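Q: Here is what each chain is made of, one letter per residue.
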Amino acid sequence: MKDMVLRLVLPVALGALALGARAAGVRWEDSIVTVEVTQKDYDFLQPWTKRMAHHLKTGVVVAPSRVLTTAEHLNDLTLVRIQKGGHGQWWDGALQWIDYHANLALVTATATNLWRGLKPARLADPVPLKGGSRFLRWHEGNLEKRKAEIARFTVKHAHLSFLDLPFLEADSELNEGGRAEALVSDTQLLGLACAQDRTTCTVIPASFIRFVLQAADTKPPRRLGFFDFVWQRTENTAIHAYLGLPGEPRGVVVTDYATGAGKSDLVRPHDLILEVEGFKIDTAGNYTDPHYGQLLLENLATRGKWAGDTVRLRVWRQGAMRQVDYLLPAAEYGAELVPQAVYDREPEFLMVGGLVFEPLTEAYLRSWGGDWRRKAPFRLGYYEREKPTPERPARVVLSLVLPDPFNLGYEDSHFMALDKVNGQPVSRLSELAAALRHPKDGYHLLEFGGGESLRRMVIDAAEAETATRRVMQQYRLDKDRFLAPEQPPGPTRER
Amino acid sequence: MIVAATALGAEPEKSVVQISTFSQQPVWDAPWRFDSVRKASGSGFVIRGKRIMTNAHVISWARQVVVHRYQDPQPYLARVVFIAHDCDLALIAVEPESFFDGLEPLELGELPKVRSSVVTYGYPAGGEQISYTRGVVSRIEVQSYVQIGNREFLAVQTDAAINPGNSGGPVIQDDKVVGVAFQNIPGLENAGFFIPPPLIQHFLTDIADGTYDGLPQAGIRLAPLQNPAYRRCLQLPDDGAGVRIDQILPRCPAEKLLEIDDVLLQVGPYAVGSDGTILYQGNRVFVSVAFNEAQEGQSVPVKVWRKGQALTITLPMQVRRDDAAEGNQHVLPRYFVYGGLVFTPLSRDYLRSSGADGGAPGSDELVYELFFRRRETPELWRPEAVVLASVLSHPVNANLEVRGRALVDKINGVRVEKLEDVIRAFESHTGAQDVVEFTAYHHLECLDHAAAQRAGPEILRTYGLAKDRRL
Chain A
4 MKDMVLRLVL PVALGALALG ARAAGVRWED SIVTVEVTQK DYDFLQPWTK RMAHHLKTGV
64 VVAPSRVLTT AEHLNDLTLV RIQKGGHGQW WDGALQWIDY HANLALVTAT ATNLWRGLKP
124 ARLADPVPLK GGSRFLRWHE GNLEKRKAEI ARFTVKHAHL SFLDLPFLEA DSELNEGGRA
184 EALVSDTQLL GLACAQDRTT CTVIPASFIR FVLQAADTKP PRRLGFFDFV WQRTENTAIH
244 AYLGLPGEPR GVVVTDYATG AGKSDLVRPH DLILEVEGFK IDTAGNYTDP HYGQLLLENL
304 ATRGKWAGDT VRLRVWRQGA MRQVDYLLPA AEYGAELVPQ AVYDREPEFL MVGGLVFEPL
364 TEAYLRSWGG DWRRKAPFRL GYYEREKPTP ERPARVVLSL VLPDPFNLGY EDSHFMALDK
424 VNGQPVSRLS ELAAALRHPK DGYHLLEFGG GESLRRMVID AAEAETATRR VMQQYRLDKD
484 RFLAPEQPPG PTRER
Chain B
7 MIVAATALGA EPEKSVVQIS TFSQQPVWDA PWRFDSVRKA SGSGFVIRGK RIMTNAHVIS
67 WARQVVVHRY QDPQPYLARV VFIAHDCDLA LIAVEPESFF DGLEPLELGE LPKVRSSVVT
127 YGYPAGGEQI SYTRGVVSRI EVQSYVQIGN REFLAVQTDA AINPGNSGGP VIQDDKVVGV
187 AFQNIPGLEN AGFFIPPPLI QHFLTDIADG TYDGLPQAGI RLAPLQNPAY RRCLQLPDDG
247 AGVRIDQILP RCPAEKLLEI DDVLLQVGPY AVGSDGTILY QGNRVFVSVA FNEAQEGQSV
307 PVKVWRKGQA LTITLPMQVR RDDAAEGNQH VLPRYFVYGG LVFTPLSRDY LRSSGADGGA
367 PGSDELVYEL FFRRRETPEL WRPEAVVLAS VLSHPVNANL EVRGRALVDK INGVRVEKLE
427 DVIRAFESHT GAQDVVEFTA YHHLECLDHA AAQRAGPEIL RTYGLAKDRR L
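Read top to bottom, the protein sequences are chains A and B.
Numbering-wise (the numbering used here), the first sequence opens with residue 4 and increments by one.
Numbering-wise (the numbering used here), the second sequence opens with residue 7 and increments by one.
Hints were generated in silico from the structure; no laboratory data involved.
Keep in mind that this is a model prediction, so the values were computed, not measured.
C-beta atoms are modelled at their ideal positions from N, C-alpha and C, and glycine is treated no differently.
Among the hints, erroneous ones may be present.
[Stated by the list, open to error] From the derived model, a few chain B residues whose C-beta atoms are all more than 10 Å from chain A:
{"hint": "1", "residue": "GLN31"}
{"hint": "2", "residue": "ARG44"}
{"hint": "3", "residue": "GLN232"}
{"hint": "4", "residue": "ASN233"}
{"hint": "5", "residue": "CYS239"}
{"hint": "6", "residue": "ARG250"}
{"hint": "7", "residue": "GLN253"}
{"hint": "8", "residue": "ASP267"}
{"hint": "9", "residue": "PRO322"}
{"hint": "10", "residue": "GLU332"}
{"hint": "11", "residue": "ALA412"}
{"hint": "12", "residue": "ILE429"}
{"hint": "13", "residue": "ALA438"}
{"hint": "14", "residue": "HIS449"}
{"hint": "15", "residue": "ARG476"}
[Unchecked claim] Calculated lysine-lysine pairs in the DSSO-like style (CA-CA distance at most 27 Å, straight line):
{"hint": "16", "chain 1": "A", "residue 1": "LYS150", "chain 2": "A", "residue 2": "LYS133"}
{"hint": "17", "chain 1": "A", "residue 1": "LYS378", "chain 2": "A", "residue 2": "LYS390"}
{"hint": "18", "chain 1": "B", "residue 1": "LYS416", "chain 2": "A", "residue 2": "LYS390"}
{"hint": "19", "chain 1": "A", "residue 1": "LYS443", "chain 2": "B", "residue 2": "LYS313"}
{"hint": "20", "chain 1": "A", "residue 1": "LYS423", "chain 2": "B", "residue 2": "LYS262"}
{"hint": "21", "chain 1": "A", "residue 1": "LYS308", "chain 2": "A", "residue 2": "LYS283"}
{"hint": "22", "chain 1": "B", "residue 1": "LYS119", "chain 2": "B", "residue 2": "LYS45"}
{"hint": "23", "chain 1": "A", "residue 1": "LYS308", "chain 2": "A", "residue 2": "LYS390"}
{"hint": "24", "chain 1": "B", "residue 1": "LYS56", "chain 2": "B", "residue 2": "LYS45"}
{"hint": "25", "chain 1": "A", "residue 1": "LYS423", "chain 2": "B", "residue 2": "LYS313"}
{"hint": "26", "chain 1": "A", "residue 1": "LYS308", "chain 2": "A", "residue 2": "LYS159"}
{"hint": "27", "chain 1": "B", "residue 1": "LYS20", "chain 2": "B", "residue 2": "LYS45"}
[Stated by the list, open to error] One side of the interface only, derived from the structure: several residues of chain A facing chain B at Cβ under 8 Å:
{"hint": "28", "residue": "ALA241"}
{"hint": "29", "residue": "ILE242"}
{"hint": "30", "residue": "ALA244"}
{"hint": "31", "residue": "TYR245"}
{"hint": "32", "residue": "ASP259"}
{"hint": "33", "residue": "PRO272"}
{"hint": "34", "residue": "PHE381"}
{"hint": "35", "residue": "ARG382"}
{"hint": "36", "residue": "TYR385"}
{"hint": "37", "residue": "TYR386"}
{"hint": "38", "residue": "GLY412"}
{"hint": "39", "residue": "GLY452"}
{"hint": "40", "residue": "GLY453"}
Using the sequences and the hints given, assemble the complete structure.
A: This is the structure:
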């Protein structure tokens, strides 16, 4: 669907953003729109079922025929519509570009009447941290304006990603914000709200948006990179003494790799990172940004950099100063053992004789609700803390058993991580499907993880196909499996 | 050997006593400290040998135990003679022995029948006088024993009210003791549980040599064998007999004698069903009951089906102690303090005390280490995992980022597998900095070795520790 959309859209140069700049005293009514989204919403505990969800969000015209909004809820899209002026006609739109890690998307529409009267907003870069600001959105036909006060520019965990990215935090009386409400000054777009906790709104800053939007016009789109290592603060100066760093205590110490995506010897445990891109790193892991003051060093992985770019590090390693050109790995959900998200495809599953297997993903774990970290089965949740390995890049779970004479005795076995089938290690459903083609002596032997309540199951290979058909009929399943054509890529490094 | 008495009390209530306990539990994340003194009340009853039987949990962590006889205002001091946390039973003695004058020891009866009537005797909350409640035996099966937390034994459920204060009191049928009231399930109405005669007798037999050993385990995990394909695969008829051995616990005698996918057909005289149950005195109960009949060191003959053949194996029974940390331990926590860093073994008690069992930050790793590590990666398992429980603030440690609830991996290069490794790693170190590495993200902290040693006595004085260790 996205390919079709791309063909519909006239190429628009990034320079259009600048062309959209206007003088003071802008009419924000001409730039703010409402975006209505309908998406498929899946029940991962019954992965063959599809539900529908509607969302209303704010969008901002940032270039001719381009509406910027957040990426949240634009996955698995079935319909997107745009309304201008807060009332009246809804115009069919299309997703033009999306970056889930950055939580940004561009929506467009072919109807020229929609764009008539709409004017691109100017994106602030850098974002002024002082001065008046307010949140804008259409509400019941009026442009709602809520005063906002920018509290700080910070780097923190992204909403839809494992990346640490730059955000604004703004205090406001906005009600139920976080749906891409526009934070504006008198003349410029300062950012889009992506979350709200009481009166504190988290806002994707315009400077970051401006940078990321460059990817919308590159083919293939560039991707965000990240530092794939874990570091710790060194306010404990005995660490510097232990590592033999002369001079003032400074820098942070690397302790581990994060996902394994960038695993290499570029940065090693017990390296002290002293400088990144020429910026000195203090013992708390901050550098002094020329625009935004003290920021976590993670910001330097996306400050004008993309996956595949190199970032210059100055490290203290084993008693010597070294220069390291760190190659930024690409942010990919598949880099984690338990991917945080799998967007734009229905949930994978494979059912054999009533035994339903699914990949272990965070979306699956969220089936236990907002408090899933406490409520999901402990062992399944704990896989999120583990790293992928070449032998075990992902996990498959026996999610449920649809009772049938074929699986008699196994009805209560579920939420168990699968290790092997017929002696073959299984990390993905495709491997499970392959292993099921090679029964041993007429039986399939299924082996589960060591921490599970049940380690082994045996099912009859010859009866499996008949039983699968019977279960499909009994439980009204239209198919026994959905395996994505291509599995998520494993740990990779862009070059 | 102490055997339950034979004398019959025509008025059993006279042999039922009220037990008041003043107890003080340690604080596991500050292991030199104790919680405030708490008073609790339970019940007990006189058995032969001038002993009083009660629940272990009634007299756990007791600083003082006071016993009141039936309708006698005089308090009597008691002392603990035997305590069995796994089966939640204990014996206490009262001095002077004149306390027992006029008290008839109660006789131990048989396992009651389901649907038969029983009467609980005790001193539950809500009044000072003895209370009687009549009920029927609802069911008999294996239940979790919460005093130990990681063991399941035979228990009898009754609809007779068993409330706080009833604990340790006798459950009577035909003037004989058919159980010791011990627990209920919060939120479940009209359901109390009592410890049945086979366990009581096992306890009394166990202590006959002056030591309590505990209830031995077979060291195997069983899985129902009810899937027709699995039964055919193992060449077994689909006749409802036999349960499959799914896991064998490491370092148990079973490890050398049994195999995964062996099918347990019989344990002692009991035929084992495909759901893992046996017919035990008219009740279908989990087969562990058959193993629990043995004492430590005894053997149980088992019949297994292996690769199409029936084999008889004599299985030595052994009390498992290597998983003690996974249960409630009821022993003073070990600890070592160095430079203000408080190290203590990881345990279920520690998790509860530190809030880590409620999902506090950092708790997942501790939960995994305690309950999953050994089964999943036994080669990485530590016999006594050690946590940094807290940091007693002092300039020598003021800048440490890790302040507690962190699993220790190495100290000065020494892999920490028990608390003694911590002490050895610090005390034998000759470098300028002590280096503590944690398992989470391989986080590390350093201390100036000389400064930490110098600060030790001052830290102990400041925070009121008499000693830097309890081993």
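Q: Now tell me if each hint is right for this structure.
A: Here's how the hints hold up against the structure:
no. : hint                : verdict
1   : GLN31               : 26 Å, holds
2   : ARG44               : 29 Å, holds
3   : GLN232              : 3 Å, violated
4   : ASN233              : 4 Å, violated
5   : CYS239              : 5 Å, violated
6   : ARG250              : 8 Å, violated
7   : GLN253              : 6 Å, violated
8   : ASP267              : 7 Å, violated
9   : PRO322              : 24 Å, holds
10  : GLU332              : 13 Å, holds
11  : ALA412              : 12 Å, holds
12  : ILE429              : 20 Å, holds
13  : ALA438              : 7 Å, violated
14  : HIS449              : 5 Å, violated
15  : ARG476              : 27 Å, holds
16  : A:LYS150 - A:LYS133 : 13 Å, holds
17  : A:LYS378 - A:LYS390 : 22 Å, holds
18  : B:LYS416 - A:LYS390 : 21 Å, holds
19  : A:LYS443 - B:LYS313 : 15 Å, holds
20  : A:LYS423 - B:LYS262 : 25 Å, holds
21  : A:LYS308 - A:LYS283 : 18 Å, holds
22  : B:LYS119 - B:LYS45  : 36 Å, violated
23  : A:LYS308 - A:LYS390 : 25 Å, holds
24  : B:LYS56 - B:LYS45   : 25 Å, holds
25  : A:LYS423 - B:LYS313 : 22 Å, holds
26  : A:LYS308 - A:LYS159 : 18 Å, holds
27  : B:LYS20 - B:LYS45   : 24 Å, holds
28  : ALA241              : 4 Å, holds
29  : ILE242              : 5 Å, holds
30  : ALA244              : 6 Å, holds
31  : TYR245              : 4 Å, holds
32  : ASP259              : 4 Å, holds
33  : PRO272              : 6 Å, holds
34  : PHE381              : 7 Å, holds
35  : ARG382              : 7 Å, holds
36  : TYR385              : 5 Å, holds
37  : TYR386              : 10 Å, violated
38  : GLY412              : 3 Å, holds
39  : GLY452              : 7 Å, holds
40  : GLY453              : 4 Å, holds
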